[in-house]
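Q: Going down the list, the protein sequences come from chains Y and H. Going by numbering that gives the first Met the number 0, 37 is the number at position 38 of the first sequence; the sequence numbering is gapless. Going by numbering that gives the first Met the number 0, 63 is the number at position 64 of the second sequence; the sequence numbering is gapless.
These are computed hints drawn from the structure, not numbers from a lab. Being a predicted model, the structure only gives us computed values, none of them experimental. Cβ coordinates follow ideal geometry from the N, Cα and C atoms, glycine included. A couple of the hints might just be wrong.
One-sided excerpt, in silico: chain H residues whose CB lies under 7 Å from chain Y [claimed, not checked]:
hint, residue
1, 67
2, 70
3, 84
4, 85
5, 91
6, 92
7, 95
8, 244
Computed footprint of chain H on chain Y; a stretch qualifies when at least three of its residues, placed anywhere within it, have a C-beta under 8 Å from a C-beta of chain H [claimed, not checked]:
hint, segment
9, 20-34
10, 37-45
11, 52-60
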Amino acid sequence: MTAAGFNPVPAAAEVPSWDSLFAVDFGLAVWTVLTFGALLFVLGKFAWRPLMAALDAREKSIQGDIDEAKRQRDEAEALLAEYREQLADGRRQAQALVAESREAAEELRRELEAKARDESRVILANARREIERERDAAVDAVRREAVEVAMAAASRLVDERLDSERDRKLVTDYIDDLAGSGGAWT
Amino acid sequence: MIGMTRIFAPLQEQAAAQDTAAAGHEGPFNLGDMLAHHILNAPEYELPFIGAVHFPHWDWAVFQLGGLQVDLSPTKHMVLLLLAAVITAAMTLFAARTVARPGAGVAPRGLANAIETVVVFLRDDLCKEYIGHGYQRFVPLILTLFFFILTMNLLGLVPWGGSATGNLAVTATLAVIVFLVIEISGFLTLGFRGYMKTIFFTPPGTSGAIKYLMLAIMTPVELLGKFTKPFALAVRLFANMTAGHMMIFTLIGFIFIFGHIAFVRWAVAAGSFVFVSAILLLELLIAFIQAYIFAMLSAVFIGLMRHEH
């Protein structure tokens with residue numbers, strides 16, 4: 000068999016004329032209208048409408064899910080913020096408490112210190128006063144003793160040399176001197 | 000077109016001279032006849048192993064419609080048209096049933112998912128985008144146009160198939176349907192006065208003589224514009240499909256033309272095979288693109304008309 004012997008066009012086929020390429024076949028046009036009309040009707044009713052409804056429903060449900068997720072996230076964030084706020088608040092309060100108690104202790108310490116210092120000052124003053132009093136008393140006693148001794152000495156001198164006018168004047172002057180100056184005793 | 004049969008005449012005559020005993024086949028190979036057989040409409044359908052099936056001529060289905068001869072007898076393209084409609088319906092109904100199944104908690108897969116993706120794309124990126132407000136009413140039309148045209152285009156790439164969109168009657172009718180939708184929806188949206196403005200257009204700010212001059216110039220332009228849109232739709236689809244098939248069958252035809260030349264026939268056959276495979280892939284792309292363009296331009300034209308002010 001030669002290759003040229005094979006003809007891909009079936010022998011029985013009628014070869015149509017090329018004139019029909021641009022000639023509109025109105026029978027086919029009517030068929031197209033009927034077919035497309037029927038297809039549009041059937042698909043519109045049984046394919047596109049349920050499909051669109053399903054898509055819309057799914058879109059709505061997804062949108063709902065997204066909204067819900069967003070709402071929950073917002074809620075969680077608000078909650079977190081609240082907890083953080085509370086935590087910070089608690090920490091602040093604790094710090095305030097610590098500071099307050101520290102201050103109170105300090106205050107107390109200062110107060111006690113001041114009181115102790117006052118007391119010690121009072122005690123010191125009292126002691127000083129006591130000492131002064133004791134010293135005054137001692138000075139008085141010494142002075143009195145001195146007068147007594149002087150008087151005793153004087154009386155003894157008087158018993159022996161009372162006639163000496165000059166001795167008498169000496170003792171009297173001495174006593175006067177003691178009483179008058181007072182400086183040597185104080 | 001007549002020239003088509005003459006292009007390879009010398010080769011064919013040579014082939015005829017060598018073709019001494021073509022058992023079971025009448026006449027030598029003729030590329031023009033082969034193209035005509037595969038591309039043009041005829042009252043017969045070639046089936047595998049069976050051969051050409053002749054359709055009966057329905058005398059009762061022939062009538063005059065205002066001076067037009069309408070013959071409803073079955074033809075190859077009519078069968079392909081109905082077949083495409085059945086396939087489109089089967090696929091989309093299946094997809095709709097799968098997607099809209101009650102309690103479908105899981106995302107659809109496979110064919111239904113593919114169709115759903117295309118449907119969502121056409122709805123959002125064509126209808127919503129180009130038609131705008133109130134687009135929902137046009138979604139079924141655009142979707143049906145796309146899937147129906149796509150199926151018809153793809154049937155042309157199937158062995159023993161053929162595409163009804165390679166027939167001007169089919170594409171022109173679809174274009175006329177779109178034209179009617181454009182004009183009627185435009186009329187309903189714009190009202191009588193608004194619709195008239197799409198024909199008798201005067202640019203804003205013109206008056207007096209200028210206005211009437213503009214009216215005289217623009218009215219034929221506007222009217223022409225109304226008819227060129229569907230004309231372009233019809234011719235674009237028809238020409239793309241026809242040209243694609245011509246290319247494929249011409250490349251295949253080379254194998255038969257050079258079949259008797261011993262030294263080149265295998266090279267020619269191999270080259271044809273490679274080229275036809277490549278062109279078929281291209282045609283697959285074009286089948287989708289042309290269906291998309293037809294649907295997209297329909298949406299664009301409907302939207303343009305409705306937003307005319």
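Q: So, for every hint listed, does it hold in this structure?
A: Comparing the hints with the structure gives:
1. Among the interface hints, the one on residue 67 of chain H holds; its C-beta lies about 5 Å from the nearest C-beta in chain Y, closer than the 7 Å criterion.
2. Given the 7 Å rule on beta carbons, the hint for residue 70 of chain H holds: about 4 Å separates it from the nearest Cβ of chain Y.
3. Checking residue 84 of chain H against chain Y: minimum C-beta separation of about 5 Å stays under 7 Å; hint holds.
4. For residue 85 of chain H, the interface hint is violated, since its Cβ never comes within 7 Å of a Cβ in chain Y; the closest pair sits about 9 Å apart.
5. At its closest, the beta carbon of residue 91 of chain H sits 4 Å from a beta carbon of chain Y; the interface hint therefore holds under the 7 Å criterion.
6. A distance limit of 7 Å between C-beta atoms decides the matter here; for residue 92 of chain H the minimum to chain Y is near 5 Å, and the interface restraint holds.
7. Restraint check, residue 95 of chain H versus chain Y: the minimum CB separation of about 4 Å is within 7 Å; hint holds.
8. Nearest Cβ of chain Y to the Cβ of residue 244 of chain H: about 12 Å, over the 7 Å cut. The hint is violated.
9. With 14 residues carrying a beta carbon less than 8 Å from a beta carbon of chain H, the segment 20-34 of chain Y meets the three-residue requirement, and the given coverage holds.
10. Residue count for the segment 37-45 of chain Y with a Cβ under 8 Å from a Cβ of chain H: 7. That meets the three needed, and the coverage hint holds.
11. Judged by the Cβ-Cβ criterion of 8 Å, the segment 52-60 of chain Y is covered by chain H as claimed, because 3 of its residues qualify and three suffice.
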